[in-house]
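Go ahead and model the full structure; you've got the sequences and the hints to work with.
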Amino acid sequence: MKTHWQILVVDDEEVMCESLAAWLREDGYTVDTASSGREGVEKARARDYAIYFVDLKMPGGMDGIETMMQVRRLHPEASIIIITAYATVDTAITAMKEGAQEYIVKPCNPEEISLLVNRIIKVKNLQRENTILRKKLSRQYVVGDVISKNARMGDILKLCHEIAGLRSTVLIQGESGTGKEMIARAIHNSGDRAAKPFVAVSCAALAETLLESELFGHEKGSFTGASERKQGKFEMADGGTIFLDEIGDISPKLQVDLLRVLQERSFYRVGGTEEVRVDARVVAATHVNLQQAVTEGKFREDLFYRLNVIEIRIPPLRDRREDIPLLAHHFLERLAHEMGKDITEISEGGLKLLMDYNWPGNVRELENAVERALVTSRGQVLTEEDFSFLAANEAAKAWTAPAGMTLQEMEKLLIMATLERTNGNIKESASVLGIDRSTLYEKIKRYEIPR
Amino acid sequence: MKYLYVGATPEVERQAYGAVRDRVESAFGVAVREMELGAVDFAYDRERGQYGSIAVLEMLARICPPDAVKLLAVTERDLYIPVLTFVFGQAQLSGRVAVISLARLRQEFYGLAPNREIFLERAMKEALHETGHMFGLVHCGDRSCAMSLATNVRQIDSKRGEFCVPCGARLRRNMAVREQGL
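Those protein sequences? They're chains A and B, same order as listed.
In this text, residue positions in the first sequence follow the working numbering: the first is 1, and each later residue adds one.
In this text, residue positions in the second sequence follow the working numbering: the first is 1001, and each later residue adds one.
No lab work stands behind these hints: they were computed from the structure.
The structure displayed is predicted, hence computed values, not measured ones.
Honestly, I wouldn't trust all of these hints.
What the hints assert, rightly or not - Calculated Cβ distances over 10 Å to all of chain A for the following chain B residues:
#	residue
1	R1014
2	A1019
3	L1037
4	S1144
Unchecked claim - Per the computed footprint, the stretches of chain B lying under chain A, defined by three or more beta-carbons under 8 Å from a beta-carbon of chain A, are:
#	stretch
5	1072-1082
6	1126-1140
7	1149-1157
To be verified - Partner residues are not named here, just some residues of chain A that face chain B (Cβ under 8 Å, in silico):
#	residue
8	V15
9	M16
10	S19
11	A22
12	R25
13	E26
14	D27
15	I83
16	P107
17	C108
18	P110
19	S114
Note that the Cβ used here is the ideal one computed from N, Cα and C, for glycine as well.
Rendered as structure tokens:
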């Protein structure tokens, strides 16, 4: 897995720079070059490299040590190898003191450079794997981890930063797969509650009574099977954040209980008489339109306003298509690494297909699509073909039952569509619809279908 | 019709040249043409007592025949690039020219008794390696593959004179793409 890693060679002598770069490219690395310390620092500002080869002696007021110090200011973890033709103990000591990882004297034995580069890359691979695993394990996302260049998302992230330190309740609305939990975690981890627990509860997953005991805990013997006193999620989240996912699905009774917790900051365990006080920030999320649920009388208005103190609406992926390539490459990089596949690119055709797709399952669906393509791909680049299963999805889901339509309206539409397809041929339409010709005539008359 | 040219500088012994020529022809399945090359004295660095491989590649690029898919040069001269003490060979990655040096492939170079078989084996492996680079292959992690990086002769000896399965597949794909582009 070399191709992820980029190397920068900084040397004022072009032939030195280019020959080392060419040699490293044969090893499969992507290599950039810079002909001065200043240019090297500029390039380091634009991106972090896995390894920096920096020549010690460079003219123009910025030698290798100075270049290295400036690069380290930008990237404290940078691996820098100082190259010099004038090996003196003094400069070597200076370079190492300032944080050079290694020091090579040119001309250098190819084996030495090869071992050096391999060793550094091995460590980089391990560090990266470690970071990925840790993130995966603890899901400690911060606001900076959210990938987007969409203006609306930018506003949301700004808002997340601003509200991270507050205690106000947050309501996150967005279609499934848009990353509601990730935003909730980002808010939690970016504020002063970060060190305290983040407890997530899916309100849709549990039956009413179970959810009640799950949220508030229960006393021993409060119901059959309650053999021990159990702490609820609210208590577990004390000092931290409780994330209530699919809040739109909770029963009227639980709505009342929840309203009480939000108002009083205290509750009773199921079957308990002792009031439990908690300091948990509530972040709720829903994929249904809660405002509409309020209008329809399915969700308590007072609870809605208690929850909706700070409102975040995450746009669906199809409304921020500019993020698709960014996210696709992000998932590709992470998943290819996890799966040990040496695939780093998505072809132009592949990207176009991703851009054109509607993504009903949003970011989660995109992640799954990249994973599936990686599993089946045989090449080094993910192509249109690798994503062809999306086209099949699209075709299968092209028709969905329209909401709020009566059977009769549906029947009328279907008859009209069938007649249109058969160019008004009654015999054929009747056969397609599976009814007699006379029945079809009758329906055409009843529904006043123009012919 | 395009050819894979294999050239030799005047001092190269003909038997080694022939062995390299034949191996390249059979490995890449492209018709090979021989090419007599001039001496590479222009690339000599008096201080190092070696020949700069970059200058050699530049010369090769200038004289590369129009009907050449690639041009692989063989020389006896010890090659270097500025940052390294030596190179066994060098290629333009995905380019048209490459050079290999026989200087460090003989047992005698390391003070050992001569062994022709070992020498010719090494020459053929290096030829495959650098030609592989011209066809866009990069170093392979499989130590037995011809595309694995060798920085000493022991590593050359432990390779097989063939590409591993993934490198072979990559090579065929790269060659097919190139043919379509012709």
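| said: Which constraints among the numbered hints does this structure fail? Numbers only, ascending. | reply: none
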